[in-house]
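Participant: Below, each chain spelled out in residue letters.
2 protein chains.
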Amino acid sequence: MSLHVFVLEMKKLLGGLDGWLTKAVAHAEAKKFDPNLLLQQRLAPDMFPLIQQIQAACDQAKYAAARCSGKEPPSHPDNEQTIADARKRVATVVAYLDGFTKDDFAGVDQRKISLPRWEGKSMSAVDYFVELVQPNFYFHLTAAYVILRHNGVEIGKRDFIGATTMRPAQEPSPQSR
Amino acid sequence: MSLHVFVLEMKKLLGGLDGWLTKAVAHAEAKKFDPNLLLQQRLAPDMFPLIQQIQAACDQAKYAAARCSGKEPPSHPDNEQTIADARKRVATVVAYLDGFTKDDFAGVDQRKISLPRWEGKSMSAVDYFVELVQPNFYFHLTAAYVILRHNGVEIGKRDFIGATTMRPAQEPSPQSR
Numbered sequence: 001m002s003l004h005v006f007v008l009e010m011k012k013l014l015g016g017l018d019g020w021l022t023k024a025v026a027h028a029e030a031k032k033f034d035p036n037l038l039l040q041q042r043l044a045p046d047m048f049p050l051i052q053q054i055q056a057a058c059d060q061a062k063y064a065a066a067r068c069s070g071k072e073p074p075s076h077p078d079n080e081q082t083i084a085d086a087r088k089r090v091a092t093v094v095a096y097l098d099g100f101t102k103d104d105f106a107g108v109d110q111r112k113i114s115l116p117r118w119e120g121k122s123m124s125a126v127d128y129f130v131e132l133v134q135p136n137f138y139f140h141l142t143a144a145y146v147i148l149r150h151n152g153v154e155i156g157k158r159d160f161i162g163a164t165t166m167r168p169a170q171e172p173s174p175q176s177r
Numbered sequence: 001m002s003l004h005v006f007v008l009e010m011k012k013l014l015g016g017l018d019g020w021l022t023k024a025v026a027h028a029e030a031k032k033f034d035p036n037l038l039l040q041q042r043l044a045p046d047m048f049p050l051i052q053q054i055q056a057a058c059d060q061a062k063y064a065a066a067r068c069s070g071k072e073p074p075s076h077p078d079n080e081q082t083i084a085d086a087r088k089r090v091a092t093v094v095a096y097l098d099g100f101t102k103d104d105f106a107g108v109d110q111r112k113i114s115l116p117r118w119e120g121k122s123m124s125a126v127d128y129f130v131e132l133v134q135p136n137f138y139f140h141l142t143a144a145y146v147i148l149r150h151n152g153v154e155i156g157k158r159d160f161i162g163a164t165t166m167r168p169a170q171e172p173s174p175q176s177r
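So the sequences go chain by chain: F and X.
Position 59 of the first sequence, counted from 1, bears residue number 59 in the working numbering, the numbering being contiguous throughout.
Position 12 of the second sequence, counted from 1, bears residue number 12 in the working numbering, the numbering being contiguous throughout.
In isolation and in its complexed conformation, chain F is listed as follows (with noise of 0.2 Å):
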């Protein structure tokens, strides 16, 4: 099992976000609202609009693949202020992602992290994977799509999970990835 194929899920899902957003706008036309309007919803006063929740999922993402696998993560400044802008920086995000192989996760069990905040202190690569990315991605993306749903954009739980890869029943075994 290599932490590539959790790359490459996050890579799917963002793939699914902007299948969302582009949903969302075909919502507030028919809505006749401006569907930039969207990126400022949010359901607690204390919690990120959409727009932040966008960000933060491609953050996450990004910063996994290049940090596991020892790279330097490209900036994004969080500068979008439409649903195009919004859907550019996923499609950024999608295509950097794209560009990581199982190879470049070959270390990651040895592989030590340590950033600027933490003071010196570190985790593993997997730890950090397991613990703060994840949870991270998931809560952010999946708060984009209550978001989203709360407001009244059609989306139902299958353009969340997306397609999966699903085997006829006279395949032989898998094969370890």
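Worth flagging that the hints you see were computed from the coordinates, not collected in a lab.
One or more of the hints may lead you astray.
The calculated lysine to any residue pairs, modelled on SDA-like cross-linking and capped at a C-alpha distance of 20 Å, are [stated by the list, open to error]: (1) X:Lys-88 / X:His-76; (2) F:Lys-88 / F:Lys-112; (3) X:Lys-121 / F:Glu-154; (4) X:Lys-23 / X:His-150; (5) F:Lys-112 / F:Arg-167; (6) X:Lys-112 / F:Arg-167; (7) F:Lys-112 / X:Val-5; (8) F:Lys-23 / F:Pro-35; (9) X:Lys-31 / F:Pro-45; (10) F:Lys-12 / F:Arg-87; (11) X:Lys-23 / F:Met-47; (12) F:Lys-112 / X:Ala-169; (13) F:Lys-23 / X:Ala-44; (14) F:Lys-121 / X:Ala-163; (15) F:Lys-71 / F:Tyr-96; (16) X:Lys-23 / X:Arg-87; (17) X:Lys-23 / F:Pro-45; (18) X:Lys-102 / X:His-76; (19) F:Lys-23 / X:Asp-46; (20) X:Lys-12 / X:Gly-162; (21) X:Lys-157 / F:Trp-118; (22) F:Lys-11 / F:His-76.
Coverage of chain X stretches by chain F, computed from C-beta distances (three or more under 8 Å per stretch; other residues unrestricted) [claimed, not checked]: (23) 121-127; (24) 143-149.
Computed from a prediction, not measured in an experiment: that's the story for all the values here.
Don't be surprised by glycine CBs; every beta carbon is placed ideally from N, CA and C.
Once you've looked at the hints, dock chain X against the given chain F.
Facilitator: Relative to chain F, chain X alone:
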């Protein structure tokens, strides 16, 4: 990297959910409403209410651990009526997950999973975990969290993420796990 660390993380996060429910009861008592009313709150008419989000998160974690290690998952009927019942359900699953060891998942890369409703199709256990269990688990867990936040319960992002395995600066590189 063992799949066991991802199961341990789900166990930790369910422990966090138990803490949110404790704070939910305190919030309801301070506001003088029946805390069990929270279990019927939802963020869209066609989304699960809190109690079903909790039940679904519990089930995903239980099924993941059982199926990825080749065991028969225990059956937990969805008959919870109160927050006390919901906390008991969470505690049951946390205790169940606690019984698994790294060795239980040693064969996960070769394991194949097939559920009756898949009509003969199958998934590799790793694909099942990465593409179905985790997204579903985090979806329902985050939805439960957001329902509580939306209803004024005083929990924050730290209550979601929980404690992490941060190491002091001097410690040698982590061992693979």
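Participant: Check each numbered hint against the structure and report the violated ones by number, ascending.
Facilitator: As far as the earlier hints go, 2, 3, 5 and 18 are violated by this structure, in ascending order.
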